[in-house]
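Respectively, the protein sequence lines represent chains A and B.
Numbered as in our numbering, the first sequence ends at 449 without a single skipped number.
Numbered as in our numbering, the second sequence ends at 1484 without a single skipped number.
Since the hints were made in silico from the structure, they are not lab data.
There could be a bad hint or two in this list.
As the list claims (entries may be wrong) - Capping the alpha-carbon separation at 25 Å, the derived lysine-lysine pairs in DSS-like fashion look like this:
| id | chain 1 | residue 1 | chain 2 | residue 2 |
| --- | --- | --- | --- | --- |
| 1 | B | Lys1075 | A | Lys56 |
| 2 | A | Lys51 | B | Lys1080 |
| 3 | B | Lys1299 | B | Lys1384 |
| 4 | B | Lys1077 | A | Lys56 |
Stated by the list, open to error - With the Cβ distance kept under 7 Å, some of the chain B side facing chain A (calculated, not the full set):
| id | residue |
| --- | --- |
| 5 | Ala1044 |
| 6 | Gly1404 |
| 7 | Glu1412 |
Glycine residues also receive a C-beta, built at the ideal position from the N, C-alpha and C atoms.
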Amino acid sequence: MTAVKTITATAFGDTYANAVGALPGANESWIDGLRKTSRALLGTQGVPGPKTEAWKYTSLNQIAKTPFIPASTADDVDVPLLPVTVPLLDGALKIVFVNGVYRSDLSDKLEDLGAGITLSPFADVLKSSPGSLKDVLGAVMEPAQSFTAAMNTGFMEQGTVLHLSNGAKLEQPIQILSIGASGSSPGAFHPRFEIVLEEGAQATVVECHVGLPGQAYLSNAATEIILGERAALRHYTIVSEDSDAFHLGRTAVSVEQNAQYESFVLSLGGHLVRREVQVRLEGDGAATTVDGAYGLSGNQHSDVFSEILHLAPDTESKQTVKGVLGGDSRGVFQGRIHVARTAQRTDGRQLHKALLLNRGPEVDCKPELEIYADDVQCAHGATTGEMNPEHIFYLLSRGIDEKTARALLVEGFLDDVILNVADEPVRNLILDLVKTWLARQRILSIGEL
Amino acid sequence: MAATQQTVDAVRDVEKYKYGWETNIESDMAPKGLSEDIVRFISAKKEEPEWMLDWRLKAYRLWLTQEDQEPDWAKLKYPKIDYQDSYYYASPNLGDAPKSLDEVDPKLLETYEKLGIPLREQEMLAGVAVDAVFDSVSVATTYKKKLNELGVIFCPMSEAIKEHPELVQKYLGSVVPYSDNFFATLNCAVFTDGSFVYIPKGLRCPMELSTYFRINEKNTGQFERTLIIADEGSYVSYLEGCTAPQRDENQLHAAVVELVVLDDAEIKYSTVQNWYPGDEDGKGGIYNFVTKRAACRGKNSKVMWTQVETGSAITWKYPSCILQGDNSSGEFYSVAITNNRQQADTGTKMIHLGKNTRSKIIAKGISAGRSNSTYRGLVRIQPKAEGARNFTQCDSLLIGNQCGAHTVPYIESRNPTAQTEHEATTSKISDEQMFYCQQRGMNPEEAISLIVNGFCKEVLQTLPMEFAVEAQKLVGISLEGSVG
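Make the full structure from the sequences, and use the hints.
Listed below in structure tokens is the structure:
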């Protein structure tokens, strides 16, 4: 059925597992069991091929064929300083990983974050107090539901655990930086980020996935988020991997009563990038915004895969994803809104818009509604097409030259959704990154006119 | 509120199937089961030429290799079909083919009258030529002479194979090849009859062509094969309607419809499907797996599919358009109503190949009872489809809180000058709408009838007059009790 036999036979088989060696928490039977179950899933299910609905438009052939080594074992990689290309959020608390390994020398101090707030390296927690993760780890990130989750869970080693007790408010945003860099062999790493906000807690977390040029690497990140009653999390993800890199990332979120999860995913760099998100609206009145934007050029491939599950009454979800495609790139959007029988009075909105800049790119889009409750308002929309010639004409008639006109329109197209980002410093950071990207695509940005 | 509850109640005590009875006519039946011998038997019964038998056998042998590959991607749940537990050939025992209506078995004519197809009256009043298919053999063809004079060929497929082999050989399987999909392959092997239509160059067919299908014999799968060819600059409107008698065992129906549209030609294909949907508990009912596809081969060719799907326990149906010729256009209008335990997975495919090709999809799904209805559609823009345009709108209406409505569109675009738009909504009848109607003096049933008819109007009004009336009635019957 699948194009590639099994992953255990090739990329992430016994050789890989042996090279990974003993992982933190392995002496805890439940953690060990979780990893083993996940690896077994990889073995039995193999690499999903085009006949697997969730992977219909994204081929994993290249990843399956690459002889990855565990990136942390590479002895010919040295990243002594934070690369200048890394986007930094002013005023944020930095926690840095290179090839999935926590770098205390590059990170800020993880202490004194405020009452009831702890931020710890994942491996430390697994070693010293694994019990504190018992109800958290794997609670939402179910390996059986996703190849990406199974691979991460099977090999998870380092990462962070952010915990906010009842009513705690994190003033300073946290920026997680995951940097990929390969030596002579392509490396793979599987960082794991756990975020738990208890009742009424509030936090802002920015995840940045970047990389250094060189051999291909695979960043297989997973973020598991549990939001208690009335908790509010702003979670922003920026993927700007190296142009040869692979990125398979997944975010799984559980949102309790009246809690709010606001997220935005910006995807600009990487050879193949797939961002999965699953938001489970578990409690009455839970709400979420799951926006995103992507820009593609050359032969880049980007896949936005989203599942929003309305499982309780009076829940609300909003999603807008916009993409700009140039070169011979391929953009994929697969979004599903599921409304369970009990989730009456659900409000679900979803929109995907793709702008094709030239001849060559392909966009594949599958917005899906699955509805089992009657008292709902659900809608989705999807459009694809090029720039409206009338819009260009309008600008030309105002004395603006064509190149500038096109730049204005592309930037306006993306800014439209970026302006939904509630956190101002993050919004500005994203706008800047998009400007830089546009400039690199030889699409001038408004600021440079 | 109360009105919604009433709707739910009304939908719950559903009517007895209106067309549920059975006519006893001795059938000439082939033994149960499917084998190469059965394929040969059907071919021999139909007095088919060698090439036809070869084609059937080729399909049958391919089907054997895929026996375990029945498609499972649709949102449908049904017990595994035992293909050996069905009859593949049954024809009303009429002796030689009748030369006129007077020779037709009166019992058969009675059946049609119960169905509301007065053959004789139709000939005079309605101006509709009916090629009625009773089980598998065509028993009466009217208006043939008139159509003949114009050069229109409208006859049973079995006759076309004998009389017009050059047309059949050229076009049969050219849109839906024998290897197309599991059910189409099965159809190729064992199809018994269907309609064949050829409209000559430049002719605007002056009357609507119509076929009524009807499953009658117990346990006979119906495998119809329809082929319509509209030659350059011609136009035809074709109507297809089905009702079936009540029975308990599930019946398999796997039809194939092929449309070939040449330069500047147009085909309008309308369907009202009302096969037996099974009882309240989902017992019985027809399994309807249909492959319908139109090839817009020429410049400016046009196809319009309209379907009103109210019957069948299982509906698996995706009337499609291959928009090959420049400026060709495809339209798909659909109303799918499911009630009780019915399941429908239906939609369309629009494949844009030529320049400036256009497609429009309007799909309305209404789910009630414990039913599930899914819209599944594909819009694909190939790199050479300059300036292609697609508009898709899918709306679902849920009546009661035990049903489901799903939308699964696929949009694939590989040309920047093409524009695709898709929108879908899901909702229920709002309390405000009900209140407005009721304070104007309507009872809740009338109100729901009005609202549901309004919801479907965009689709129903694309049907030809004769069908529009029947369709409106069907919308009512399908939600009987709640709709007037």
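Each hint tested on the structure:
1. B:Lys1075 / A:Lys56: 17 Å, holds
2. A:Lys51 / B:Lys1080: 21 Å, holds
3. B:Lys1299 / B:Lys1384: Given that 25 Å is the threshold and the Cα spacing comes to 15 Å, the pair holds.
4. B:Lys1077 / A:Lys56: Holds, at about 22 Å.
5. Ala1044: Hint on alanine 1044 (chain B): violated, closest Cβ of chain A at ~39 Å, above 7 Å.
6. Gly1404: It holds, given that the least Cβ distance between glycine 1404 (chain B) and chain A is near 5 Å, below 7 Å.
7. Glu1412: 5 Å, holds
Violation of the numbered hints given earlier is confined to hint 5; every other hint is satisfied by the structure.
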